[in-house]
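Okay, so the sequence shown: first residue is 1 according to UniProt numbering, each after it adds one.
Hint data in this document are derived by calculation from the structure and do not stem from the laboratory. Every value quoted in this text rests on a predicted model; they were computed, and no experiment measured them. Heads up, a few of these hints could be off.
Claimed, not checked - Now the in silico label distances, taken between C-beta atoms and shown as ranges:
#, residue 1, residue 2, range
1, 7, 84, 33 to 41 Å
2, 7, 86, 33 to 41 Å
3, 66, 21, 22 to 30 Å
4, 114, 16, 21 to 29 Å
5, 109, 135, 33 to 41 Å
6, 10, 86, 35 to 43 Å
Every residue gets a Cβ at the ideal spot worked out from N, C-alpha and C, and that includes glycine.
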Amino acid sequence: MSDHNPTIADLKAFIRAQLNANCDPVPPKTATSQQKHLTVWTTRDKRRPIGLEFGHDEIVNLWIVSMNAPPKLPDTVKVTKKVWKGSGWRDKDPSPGEKSKGANSNLKPFEVFNTRPITRLGIQSIDDARAILEHLFA
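Could you put together the complete structure from these sequences and hints?
Next up, the structure:
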């Protein structure tokens, strides 16, 4: 990692290292899943699910069960809450006039998330990732 200007690649590497050290991977339901954009983990102590969506160039998304979210998040973290509606997730509070967007469809095969309210945390800094992960691992 560079000292003064960590990149998104540095952020992804930091998060992966933390997940490897503190969590167990959740295998996908289908053997054909290549996990190109998303991996799912559970914390070792409390079995809290964490989805790591790493297919973006400017942000890393962590998907968590909403009740596990830190009570106070940094202003720099983009928070999107989703609720289960019928057969998938939709925005909890959609913007007026905007069609409600779903969650990452790659989460559906992971039963640790299904039917539960979830939150996407859009992260761009190692400091923000560290604070969130420390809360989830506690």
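Now the hints, each set against the structure:
1. With their beta carbons about 35 Å apart, residue 7 and residue 84 fall inside the hinted range of 33 to 41 Å.
2. Checked against the hint of 33 to 41 Å, the pair residue 7 and residue 86 passes, with Cβ atoms roughly 39 Å apart.
3. For the pair residue 66 and residue 21, the beta carbons lie near 25 Å from each other, so the given range of 22 to 30 Å is met.
4. About 24 Å separates the C-beta atoms of residue 114 and residue 16, a value consistent with the hinted range of 21 to 29 Å.
5. A beta carbon spacing of about 26 Å between residue 109 and residue 135 contradicts the range 33 to 41 Å that was offered as a hint.
6. Between residue 10 and residue 86 the C-beta distance comes to about 39 Å, which sits within the given range of 35 to 43 Å.
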